[in-house]
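What follows is the residue order along each chain.
2 protein chains.
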Amino acid sequence: MKKGDVWFFDKDIYIKEYASCVGVKEGEGPLRDGFDVIGEDDRFGESTWEKAECRMFETACRKAVEKSGLSDSDIGCLIGGDLLNQCISTSFAARDLGFKTLGVYGACSTMAESMALGAALIEAGLEEYVLCAASSHFCTAERQYRYPLEYGGQRPQTSQWTATACGAVILGKEGKVRIKAACPGRVFDPGVRDVNNMGAAMAQAAYETLSRYFKDGEKKPEEHDLIVTGDLSEVGAAIVDKLFRLDGVNLGERYGDCGLMLFDRQKQDVHSGGSGCGCSAAVLCARILPRMIKHELKRVLFCPTGALLSPLSAAQGESIPGICHLICLEDAE
Amino acid sequence: MKKGDVWFFDKDIYIKEYASCVGVKEGEGPLRDGFDVIGEDDRFGESTWEKAECRMFETACRKAVEKSGLSDSDIGCLIGGDLLNQCISTSFAARDLGFKTLGVYGACSTMAESMALGAALIEAGLEEYVLCAASSHFCTAERQYRYPLEYGGQRPQTSQWTATACGAVILGKEGKVRIKAACPGRVFDPGVRDVNNMGAAMAQAAYETLSRYFKDGEKKPEEHDLIVTGDLSEVGAAIVDKLFRLDGVNLGERYGDCGLMLFDRQKQDVHSGGSGCGCSAAVLCARILPRMIKHELKRVLFCPTGALLSPLSAAQGESIPGICHLICLEDAE
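Going line by line, the protein sequences match chains A and B.
The first sequence finishes on residue 333 if you use this note's numbering, and the numbering steps up by one all the way, no holes.
The second sequence finishes on residue 1333 if you use this note's numbering, and the numbering steps up by one all the way, no holes.
What you were told as hints is all true, and nothing was included just to trick you.
Calculated Cβ distances over 12 Å to all of chain A for the following chain B residues:
id, residue
1, V1024
2, R1178
3, N1196
Here are the computed lysine to any residue pairs in the SDA-like style, where the Cα-Cα straight-line distance is at most 20 Å:
id, chain 1, residue 1, chain 2, residue 2
4, A, K3, B, S1071
5, B, K1173, A, D5
6, A, K2, B, E1174
7, A, K11, B, F1008
8, A, K2, B, G1098
9, A, K2, B, L1070
10, B, K1002, A, E128
11, A, K173, B, M1001
12, A, K2, B, G1125
13, A, K3, B, G1125
14, B, K1173, A, G4
15, B, K1002, A, L70
16, B, K1002, B, K1180
17, B, K1180, B, P1221
18, A, K215, B, G1098
19, B, K1242, B, G1252
20, A, K267, A, R155
21, B, K1003, A, D74
22, A, K173, A, L70
23, A, K3, B, K1173
24, B, K1173, A, G125
25, B, K1002, A, S73
26, B, K1180, A, G125
27, A, K294, A, S68
28, B, K1298, B, E1253
29, A, K11, B, K1002
30, B, K1011, A, G125
31, B, K1215, A, S73
32, A, K2, B, K1011
33, B, K1002, A, G125
34, B, K1298, B, R1178
35, A, K215, B, D1074
36, A, K11, B, E1128
37, A, K3, B, G1098
38, B, K1002, A, D10
39, A, K11, B, D1010
40, B, K1002, A, D72
Everything labelled a hint here was simulated from the structure, so no lab data went into it.
Glycine is no exception: its CB is placed at the ideal position from the N, C-alpha and C atoms.
From just these sequences and the hints, can you work out the full model?
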């Protein structure tokens, strides 16, 4: 059911299972106990970083299917994406996985986009089980978006650390966490041109999507136990908090950001925090969903954020447009 | 309704309106009378090729909305994609268009992916009108995937000419052409490594999706007036024809390829034919849909094909995986 800009799923659609696969640094962070697979190194047995990301993507997907007790033939289709040029992590993993595949691109908001579309396919009665996944890898992203790793470029304090991580969820008609609603984002461009300050570029998109959800969905922030943005990290999360305060709304302790949850910022030298498609996807699977299943969180707004730039658009003087897709999750028990 | 791998849309979902915007060379080709907007040059008033593609994308979308008689606020969301790194044509056009946006990536199969997902959103009751679009630009694609234009690289006869084109359709609950079914593709890799022979890389994916559709959808090729692949062009289309002949099926005159329809191959020096996301999208809007509305074609299988490589995957020795998504269109009158 459509209500303003919000999609409410009338059929009961659940997260049946989930899994995550991450790199070494992520596995040393505060969420280490929540990951299903932590790489021995960040190469995952492959000869290039890009092939490593692909293998990590495949590993998370296979783990989710294995944990679910479903067989491969039960999975209707895979909806997934990543940050690499031509989404090669997803495409090459999909080649090996063999599922029908729908590639999506929403930069670091991809996990929510894939879940919103996956839930829509089940709502429409077109699929029974949909596998949704998103990945990123520090070493592939760094050399594609910024500098060769060997260059050792200096990183300003506003910069974020792209997570080496993949999260995968299987949506279906049974499970312990329900997908209640989704609110797709609009592209919003506050005019930020600093490619080392993605948090500031994406923050207004998060504020915009959340505000629309509260208005059209007739919900209040205090009806949620956790409102978590994707990877705004320190700079961007502070902007979201402030924008809501200007509206007279105090998000308070219930507001968090996946980029601030994945790493220990003090000990792990990640500057403003984590980022990448895999950041919110892995935090969802390693932290948010396990807490919901333990009934520690009853209703969560999961709001991954994406910076829709390319190195070329930045070189041509363009500012950085942001987007934020929202998923409302509820404890179903 | 799901039937094997095929999505049948039970609610009546139609193409309400459509529009295309193309470059100079496309406007000089055999479909010249079908395009809504033909650029005076391929820059569309912009200072870079990438900004030009973005403007072309926006122009096609605005034209479709204008022709439909709808207002911007009627459009539920935009589903779109392109070939550029980080899908910047779509994202930056979406910034200016202002719709909720879901970015998709299926290389040159993107138009069918966006239409399949758009129809699913309407089937699920989540949106009333969805704008679906895909674009490509010769000058942006050439320098991103191959060589700088100024280099004047020699092109082998198997190579294709990336279309400077965007097609946009609005899906809704009324119109003259109905979207009856969709069949999402699997990633299929026949092991082709020649980046100048995309047709061969994608042909088996087209054969695979079509075969699944005929089997699961319980349809025969002869029940369709036109079966049209995306951009296999001369080399790939001949492979599809041959693969079906090996199964004892003669697709015959009803089989065509958008890459062979967009240009006059003899006069326009495009070697094997046209390609790019915009190729099938623009041929749909300039040729296929107008013929359906004139009742010259009653039932059409529109099957855009995508080559899921990146320059980096090719440089790392990977072969080129292909994908093909299918849309079944029917004259609704």
